[in-house]
Each structure stands twice: as structure tokens, then as C-alpha cells.
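Novice: Sequence:
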Amino acid sequence: MNEKVRSVVVGTGSVLPKRVMRNQDFEGIVETSDEWIRQRTGIASRHIAGDGETTVSLAEEAARRALSAAGLEPADIDLIVLATATPDNTFPASAVQVQAALGISHGFAFDVQAVCSGFVYALTTADLYLKSGMARRALVIGAETFSRLLDWQDRTTCVLFGDGAGAVVLEAHSGGETEDGRGIIVSRLRSDGAHCEKLYVDGGPSTTGTVGHLRMQGREVFKHAVGMITDVIEASFEAANVGPDEIDWFVPHQANRRIIDASAKKLGIAPEKVVITVDRHGNTSAASIPLALDAAVSDGRIKRGDLVLLEAMGGGFTWGACLIRW
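Just so you know, we're using the working numbering here: the sequence shown kicks off at 7 and counts up by one.
Don't read these hints as lab results, they were simulated from the structure. Incorrect hints may appear among the rest.
Unchecked claim - Straight line, CA to CA, 16 Å or less: simulated EDC-like cross-link-like pairs of lysine to aspartate or glutamate: (1) LYS272 to ASP237; (2) LYS204 to GLU226; (3) LYS137 to GLU183; (4) LYS137 to ASP84; (5) LYS24 to ASP57; (6) LYS279 to ASP312; (7) LYS272 to GLU240; (8) LYS229 to GLU203; (9) LYS10 to GLU185; (10) LYS272 to ASP305; (11) LYS10 to ASP186; (12) LYS279 to ASP251; (13) LYS309 to GLU244; (14) LYS279 to ASP237; (15) LYS309 to GLU252; (16) LYS279 to ASP305; (17) LYS229 to GLU183; (18) LYS279 to ASP254; (19) LYS271 to ASP237; (20) LYS271 to ASP305; (21) LYS24 to GLU67; (22) LYS279 to ASP267; (23) LYS309 to ASP186; (24) LYS229 to GLU252; (25) LYS10 to GLU183; (26) LYS271 to ASP251.
Produce the entire structure from the sequences given, and follow the hints as far as they go.
Specialist: Here it is as C-alpha cells:
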């Protein structure tokens, strides 16, 4: 492993399905209200995939936009890591379908499944491949169509999730290229399978032969979330020898505004440094961090040289954090 190689983000891109579903739209489906949803989650609207919009189609478009932002062509990419819990098919991996859609026939591509932590896991995995020299440029994508896993009669879960995709292009920089300190500085990943029943899907090829529906013990997830998130972030701070005051932007997984606010407060990160998209995207699982990243890059908040902190927690439980010098 070449520690002098840094994986640098050189482009971001994202896409959302055309259909917007607002809180008021749920009032005729389940017993809920705009006020109830906003108060408990901070969510006002989310995007729902329609006919012809799939995890792969959204991922492909996000990838193309990230490549355009980086000034690169698909042929420049030799690795695709796609984080998703909602692939188009049981197999092949959605990543190879994106690879084919982009016209790439070299290199390698695969999916990562860590639910809402998927993008942090995928980014860390791609970083290690770039540092090892097995790849030079990688597309790291988070893409989900969670609306297709939802039980639309379960008011505690169906209001929480949305669909979308985000992508980044990572490029291996070495030698003089790394002197400005840009790139992924440190990542920390964790999981604990003892919590499986708190957030899971009640189906699968090997058990029911069906896709199944998402099931969640919301209070239990909330109870564990803040502690697990702050633990892995503090480990990242220690490894990188930085403190919360040095963070320019905090881009958390967009699951629940109350979890985001409580985590930032516990870590001592100022509210104005927190990137929030949960209000208009809902929880898009593995897509939430790259969607939020692209939003903050596109509007000029995240700039070259900024220190950016990513974190996520998802079913499993899985959780992780990543520090990047932009």
C-alpha cells in the first residue's frame, strides 16, 4: 500500500427522479400530517422514482454528471464501486450495468451493500484500490430506489425515504501532486450485526424468494445513532490529529434532522457548517451523502482546500466516517 498516494475528489454529480412527493401527499394514503412528519424528521418532501427510472439509470446519469464536472470521459475510469441496497437485479451487480451503459469495457466494477453507510464504505474501498495501484481513477456512486422496498401502509417508515443517486470521481495523486494535502485523509468503518432486527428488509432470494419490505424500530435506531456516529468520528479526528473546529463542512447521512443536529452538537460542530438536504430529499440511504455533497459543491459552499467530514449509519448496524481535504 502506497501511503504517499492520495485519492482526490475531482468531480461530483447527482440526479433526482422527476416526481416530487410532499408530506401532504401522504395524508390520503396513511394517517399522518405534514406537521407530524416535519416535527419528527425535518422532512418536507422527497423524490420518488417513476416508470423507467431505476437504480442503474439514476446511477448512470449521476456518473455522467460527475465525469463532466471532472472534465473526464468514461474511458478514463478503471474502477466503479456502486453502493446500493436496491439493485436493478439480484445479479449482476448494478455497477457492471452502469459500466456497460457508460461504454466501459476495461477495468472492474462491483456493488457494495452497507445500506445507509454504503457510500462511506464504497469510498473507503475505492480509496484502498487506488492506494494499492490497482486502479487510477474510480467512479464511486451511491444510488437507491428505496420507494420500491416500502410498505405504503406503514406510516412510520413510508414517509421517511426517497430515491436518487450521487457520484464522485476519485483520482490517485502521488508525489508532488499530494503536497497540497488534498484527498481522503482517513476513514473509519464499523459494524455490529447484533442489531439486525432494528432495521432490515423482511425478504430476500434465499429466505422468502421475494424482495420484501423495509421494517424499522425507529426509537431503537435513534437511541443508538448519535453515540455510534460520534464514536467513529472522534476516532477519525484522533487518527488525523484534527478537532471539530478545523472542520469546514460536515456532510452527514440525511436520515433525520434531529439525529443530525444532536450529532453535530455532541461533536462541537457549528450548525452553520452542517450540510442539510433531508428536508427536500428524505432519507435516500446510500445516495444521501453524495447527493448532499454535490449540492454543496454546486452552490459553492464546498471549495478546494476545505476539510470535509462525512458520516453515516445504516441497517446492520453499519456506520463509518471519512475525512477529505477537498
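Novice: LYS271 and ASP237: Cα distance at most 16 Å?
Specialist: Holds, because 14 Å separates the two Cα atoms, which is no more than 16 Å.
Novice: Between LYS309 and GLU244, does the CA-CA distance stay at or below 16 Å?
Specialist: violated (24 Å)
Novice: Are the Cα atoms of LYS309 and ASP186 separated by 16 Å or less?
Specialist: Holds, at about 14 Å.
Novice: Need the status of pair LYS272, ASP305: alpha-carbon distance at most 16 Å?
Specialist: Violated - the C-alpha atoms of ASP305 and LYS272 are around 27 Å apart, more than 16 Å.
Novice: Take the C-alpha atoms of LYS24 and ASP57, compute the straight-line distance between them, and say whether it is at most 16 Å.
Specialist: holds (10 Å)
Novice: Quick one, are LYS279 and ASP237 close enough, alpha carbons at most 16 Å?
Specialist: violated (19 Å)
Novice: Under the criterion that the straight-line Cα-Cα distance not exceed 16 Å, is the pair LYS229, GLU252 satisfied?
Specialist: violated (28 Å)
Novice: What's the verdict on LYS10 and GLU183, does the C-alpha distance respect the 16 Å limit or exceed it?
Specialist: holds (10 Å)
Novice: Check whether the Cα positions of LYS24 and GLU67 lie no farther apart than 16 Å.
Specialist: holds (13 Å)
Novice: Is the straight-line distance between the alpha-carbon of LYS10 and that of ASP186 16 Å or less?
Specialist: holds (12 Å)
Novice: Between LYS10 and GLU185, does the CA-CA distance stay at or below 16 Å?
Specialist: Holds, because 10 Å separates the two Cα atoms, which is no more than 16 Å.
Novice: Is LYS272 within 16 Å of GLU240, Cα to Cα?
Specialist: holds (11 Å)
Hints 10, 13, 14, 17, 20 and 24, counting from the list given before, are not met by this structure.
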